[in-house]
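Read top to bottom, the protein sequences are chains A and B.
Position 315, counted from 1, in the first sequence is what this note's numbering calls 315; the numbers after and before it change by one each time, with no gaps.
Position 170, counted from 1, in the second sequence is what this note's numbering calls 170; the numbers after and before it change by one each time, with no gaps.
Source of the hints: derived by calculation from the structure; they are not laboratory data.
Cβ atoms here follow ideal geometry from the backbone N, Cα and C, with glycine treated the same way.
Among the clues, some could well be false.
With a Cα cut of at most 25 Å, we get these calculated SDA-like pairs of lysine to any residue [to be verified]:
1) B:Lys45 x A:Ala198
2) A:Lys266 x B:Lys45
3) A:Lys517 x A:Ala491
4) A:Lys432 x B:Leu147
5) A:Lys172 x A:Asp138
6) A:Lys266 x B:Leu20
7) A:Lys244 x A:Lys432
Computed footprint of chain A on chain B; a stretch qualifies when at least three of its residues, placed anywhere within it, have a C-beta under 8 Å from a C-beta of chain A [said to hold, decoys possible]:
8) 162-175
9) 285-291
Computed footprint of chain B on chain A; a stretch qualifies when at least three of its residues, placed anywhere within it, have a C-beta under 8 Å from a C-beta of chain B [stated by the list, open to error]:
10) 111-117
11) 259-272
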Amino acid sequence: MQRYSAASRTAVRKHGKKTAAVAALSVLALTAAACGSGRTDEAGGSGDGGGETITVGTTDQVTSLDPAGSYDNGSFMVMNQTYPFLMNFAPGSSELEPDAAESCDFAEPTVYTCTLKDDLTFANGNPLTSESVKYSFDRIVAINDPNGPASLLTNLDSIATPDEKTVEFTLKAANDQTFPQILATPAGPIVDQTVFPADSILDDDAIVAGTPFAGPYSIASYAKNSLVSFTANGGYNGILGTPKTSSVNVKYYTSSDNLKLDVQNKAIDVAWRSLTPTDVESLGSVDGLTVHEGPGGESRYLVFNMNTMPGDTPEQKLAVRKAIASSVDRQALSDGVYKGTYTPLYSVVPTGLAGANTAFGDVYGTTPNRDEAAGFLSAAGIATPVQLNLQYNPDHYGSSSSEEYAAIKSQLDATGLFEVNLQSTEWSTYTKERVADAYPVYQLGWFPDYPDADNYLTPFFAPDNFLQSHFESPEITSLLDLERTTADENARMQIIGQIQTELATNYLPTLPLLEGKQIAVATDEISGVDETLDASFKFRFVTLAKS
Amino acid sequence: MRFLLIIPTAWILVTVVFFLMRVIGDPITAALGGRLPAEQIAQRKAEAGYDRPILTQYWEYLTGLLRGDFGRSATDNRAISDVLLVNGAATLELAFWALLVAFAVGIPLGFFAATHRDRFGDASLRIFAILAYAAPVFFVGMLLKLLFAVKLGWLPVAGRASTNVELALQNVSPKTNILIVDSFLYGDSGYTIDVLEHAVLPALALGLLTAGVFLRLVRVNLIQTLQAPFVDAARARGLSEGTVTRRHAFRNAMIPIVTVIGLQIAVLLGGAVLTETTFEWQGLGYELARYLQARDFVAVQGIVTFLAVVVAVVSFVTDAIVALIDPRVRF
């Protein structure tokens, strides 16, 4: 028989009573909550605090609010609302215009000069001068953070500030037509030199506390990658215009499923990146929601390693590339895998950009042509089926990559000309192995730094390009040099067109497959979404309004 | 003496986590490998001190921990101590709600099953218990979400509070980061209800996992206790069966539950990773999953170390409580 002291019996009795009380309270609370009792409008699922507040949901995470420490979509979206840029794109336009600058132009072939507008200030009251601009660019280069955009400033030699309003960028290479575009990229935000240290990344909370903002919005409250609240900055008078909504919240998600369900339930007003194609298709049929589409800048393509791809000679390798180009069915990928959220891409430059053409469609057709593919292979003396090791990554370009590459394998196998061995590798290993000649043919994707055709050419096909696929052509290199330094716009566009045609006809170092549309899903009460989904690829809150 | 044992336990846990993390490489290469040339990786490793002898790094990590310095995350430059404080509060809140669900569901149902042994109700509850702890927590979470948030629209899909409530509670003072407490401090009952609404589904998903264990344990213990000689003696004294069951057998049967609660904390923390991810509940599990995906091993190491120490401390507290309520237990 168990024996208890009086004290222990009391303890057990008290413990039991407390447990019962807590359990009863919790059941009551949870039951009341489950029944929705006491739910108020202000605390309900509307997602706004009344008035015209808009809540935007996204899966793009913020790396850092410090422009020197981030170079990603999530951070850049916040910067586009809060920091001033010398040059920028007005909503609905892909035309680069002065923003914080009054004017910008090449004073000399290697000197790009900007003059600031009068009386610019940050939200904290500090003046925004030419010294602020110099400080902003200099610290990005000096800090050279691995997550930062210093790589965009490789052509920047030095910056001078002859007076408070004038900034002179001295460039290493003359007449760089892409440099003005770089002023609107993640390398371009102007920061307050009294808030940001010169040689280190500033913590996000310290940035918010310092209010060094001079864009159309300031940050009112900040919970990193959770919830950020923006309020209109009355001091902004740039080309983005006056915000139509005084208060915008951004809610961050890690799961696109929850993002989809929240916009479906109208718990948020706008879902911006990255809904899956199936989600977009499903949301398109929900009452009270509209799917907004804008031109796509994101491209998906195959990369050929010139050394390790199938084929014994350069001619045979070229024939294999041409045969693949004739065999893939981009429209089937677009319809079957991406439900139209990605569309066929027939050039290395996406269609929304000035100078883009459809060179691959012109040369190899827009539908698969097995006979032509067989002709390329037989003319080069290649025995079929060609064994092809095709690599893709399942965790970096969205969950549909597996389906996309299964479809490509199926298309190539169906020709009888190829036997595809499909393999996948997770991203951190993938990025190392692809530049170590481990993959003969592999998947990559590209989101532009700025909306100019050169951003789809020079990084890919100039010597020492980031692909590291052993492609180099003196002809292409020379055309690229010419394109970058030709000031006459029409002449430059012609050169850009020539490069695309040459690449499609004679080289095929990469095979463009698809371009992604910009997609936002919003409730019908929200206007101004289409205005911001332009070819600048900048999502701006200034155009959004709630009726 | 038992309390002092926490120190070597925590030290062993910290040491194991540290060296396991180093087995798979240094944090810089893990986070930035493939994004930077090898020479820049080497330079950054040198700057961060990861090229020094492993024992030197280990000593610095240990002394840093003693100062409360867990380092900063490599991917988003956030102080790990801040992650532990802010997101840890969210996990604590979720664990609390989940334990309430586990108690509220597991104990009464276990009592009912034991007192209706081998009848239909008992058989049904045994099946329910097995399903509750065998079903993957994210699967249960998705089912609950589908039913109560999507189909019926009764409850929110995800998050810890509605956007406006979360914003308002960011400004409450003093801020605990435990939203139910913050909402009380804010003094708006609508906000409290909103926070509770958001907690229901995550708490159910995670709580049912433990409720199944509690249910089976209470049932078995109560059945065994009802056959004990002291219960027969109580019956012989003429007490009613209900009084015997509730006052004598049930209280004794509950003692092992306290021990299991301690063990279940570890299970809850493991389940929290999946629950928090499923419901965008921004706790430590949510952040752990995010940092793992980004291969940010500085952050992963800090969070895992913290969780390991929490489990060690909870284990001690559980032992202490058991010793307090059961005089036969001595450590």
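How the hints compare with the structure:
| no. | hint | result |
| --- | --- | --- |
| 1 | B:Lys45 x A:Ala198 | holds (22 Å) |
| 2 | A:Lys266 x B:Lys45 | violated (46 Å) |
| 3 | A:Lys517 x A:Ala491 | violated (28 Å) |
| 4 | A:Lys432 x B:Leu147 | violated (44 Å) |
| 5 | A:Lys172 x A:Asp138 | holds (15 Å) |
| 6 | A:Lys266 x B:Leu20 | violated (45 Å) |
| 7 | A:Lys244 x A:Lys432 | violated (46 Å) |
| 8 | 162-175 | holds (count 9) |
| 9 | 285-291 | holds (count 3) |
| 10 | 111-117 | violated (count 0) |
| 11 | 259-272 | holds (count 6) |
The structure fails to meet hints 2, 3, 4, 6, 7 and 10 from the earlier list, while all remaining hints are met.
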